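A.B. asks: Full structure from sequences and hints, please.
Number of protein chains: 2
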Amino acid sequence: MDKPPTIADVAKLAGVHKATASRALNQRTSGQVNAATARRVLQAAKRLNYQPNAVARSLSTNRSATVGVLIPDLTNPLFPLIVRGIEDALGPSGYTALLANTDNDPDRAEARFDTLLSRRVDGFLIATARREDPLVVRAHEQGIPVVLVNRSTDDPLFPVVTGDDAAGVAAAVGYLTGLGHERLAHLSGPPAMSTGVVRARAFRQSAPAGSPVVDCDAYSDDAGAAAARRLLDEHPGVTAILAGNDMIALGALQVLRERGLRCPEDVSLIGFNDMRFVDQLVPPLTTVHVPHHRLGAEAARLLLDQLDRPGEPAKTVSLPLHLVVRGSTAAPR
Amino acid sequence: MDKPPTIADVAKLAGVHKATASRALNQRTSGQVNAATARRVLQAAKRLNYQPNAVARSLSTNRSATVGVLIPDLTNPLFPLIVRGIEDALGPSGYTALLANTDNDPDRAEARFDTLLSRRVDGFLIATARREDPLVVRAHEQGIPVVLVNRSTDDPLFPVVTGDDAAGVAAAVGYLTGLGHERLAHLSGPPAMSTGVVRARAFRQSAPAGSPVVDCDAYSDDAGAAAARRLLDEHPGVTAILAGNDMIALGALQVLRERGLRCPEDVSLIGFNDMRFVDQLVPPLTTVHVPHHRLGAEAARLLLDQLDRPGEPAKTVSLPLHLVVRGSTAAPR
DNA sequence: CTGAAAGCGCTTACAG
DNA sequence: CTGAAAGCGCTTACAG
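Chains as they are written, first to last, in full-length UniProt numbering: chain P, 1 to 333; chain S, 1 to 333.
Quick caveat, the hints were computed from the structure, so don't treat them as lab data. Any given hint might turn out to be false.
Identical copies go unnamed one by one, so any copy, or any two together, can satisfy a pair.
The calculated lysine-lysine pairs, modelled on DSS-like cross-linking and capped at a C-alpha distance of 30 Å, are [claimed, not checked]:
id: 1; residue 1: K315; residue 2: K12
id: 2; residue 1: K3; residue 2: K18
id: 3; residue 1: K315; residue 2: K3
id: 4; residue 1: K315; residue 2: K18
Just so you know, these numbers come straight off a predicted model, no measurement behind them.
C.D. replies: Have a look at this one:
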């Protein structure tokens, strides 16, 4: 119940000045102090159960050992994986992630960004980027260290860690055509997001010329269902659908059922992400696996690099994806 | 790129002392300053785009406006809901949640707890409690404000927010017996957790005397599958299973398939939690719905209460649950 | 190798 | 109603 011990308490118990105690206690400076003295300080700290006050340290060093993480919504199963990747990579360096959900709302994102700034985060990991993102531009103007993860901006203002979507789409399309499908379609993600356009572009390049592409408003099952209805109305002969992501695939699956089309017998379906539980659907979903945990971990490492050595040339990382074949795909009849 | 403005900059621009600027800027103390002066300060702050430094404020007020949140694993779909509930309830008060994953490892939990303490969180929300939890005891001894959420300890050292598990189990069992089932069984959660024993106890009270209960080692599909195998080996005549949670139900469902038992025709199955996507399984899972978002929000509010008025009598909250009937249950044949 | 001092950016009794 | 001062708990040039 009493106040936790301060460095002054440790110094007094060890019989040294608190500056000396500080040096002894810090990895980086402990070499500056006599070994025997250092030992006394460490003992004193242990006896008092001393825990340095991170708030005070932040104020004096002007670094909070904290990074802001902007995600759309923790409740979307992709992001917990990314966040754990981030935390697992940050942990060993003593950094803590401060999470903020934007709900895909730019105003909310801006507000969260500001409160994170007022908490003096050392940098940001942004998983909410739109292709033209005023927040990202602002961060760049203010010279704040940032790494983009999962989604990118058109203008590459910062290092980015994404999956190799183009290759993933090519693999999916190749698998479908290899099965003998000729009438493919793509239910593409929102055009305001890099993942939406990159996957759509890759689809156009690898699928038979003229294969239909229908945009979804959002990465949601509802948007996917709406798009699937439009697609099937206009192109009833489609035998295989590549969805912009798994949520869209879920919506499409529901529409197939609605219309009495069997999957995969009548229409094959491929998702994107390999999110949790899609292997438990009926049929189990064939999808492109994205290593979200690694995405987060790589992004965190890149940010840590920036923080350690500002001004170093910033890498950009594209992680390989692979197709996971399950039950929602088959040769056309 | 230049340093962000401080309150001294604001004060200078407004032509007042920084103490006055501080008073004007803070809700609670703005009444102490002349209205016109206050207006000048606010204008100056706006012109400079002044954002108070939360770190400096924390050091001087000895409050960080930050709470530590201990969860087992963000990757388990229950917890993002709880966490969002917490964040949504904390937000309006200006508090930020600091998340820590314990992976159900007591040592990790202790380490996380300590680093959160060193960041001077004002209190904790603990979703990782075991029935006998040394960490909870320690928090209590140190007089730190804590609210337990989802799981409780045997010794009620702190306010707790949980679902009304007993009622939920009673509803599930009642529904099953109402359908005509007489040979029920329970695959119970880990006995080290309150949810495990509370649900098992309620099952014993509401199910026909002698109905078998098999413990699972963990709330996982693997543990659920193992337990289901043991159950079916010893009690092949069972016609309805109540699982300790949805993950256990998933494991059980898999074992039913393994053994060529149809669900719900041969065996009815009920889960617990109503986690995301269980409505998309085949068959869609009948389960007891737990309002995880509200659980988190209520717990956060209780903690905020404690923080506002320390020493107030602490409430304990038990939220009502309801059975969601879907396709995994039917009358016995 | 160690100490004395200043400073990080706020807040808050204490005077007036 | 406002200012001057002290203090929160650290770190880090600067001397010696």
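A.B. asks: All the hints need checking, so say for each whether the structure fits it.
C.D. replies: Against the structure, the hints come out as follows:
1. K315 to K12: neither (47 Å within a copy, 43 Å between copies)
2. K3 to K18: Answer is both: 18 Å inside a copy and 29 Å across each meet the 30 Å cutoff.
3. K315 to K3: between (45 Å within a copy, 27 Å between copies)
4. K315 to K18: neither (41 Å within a copy, 43 Å between copies)
Comparing the model with each numbered hint stated earlier shows that hints 1, 4 do not hold.
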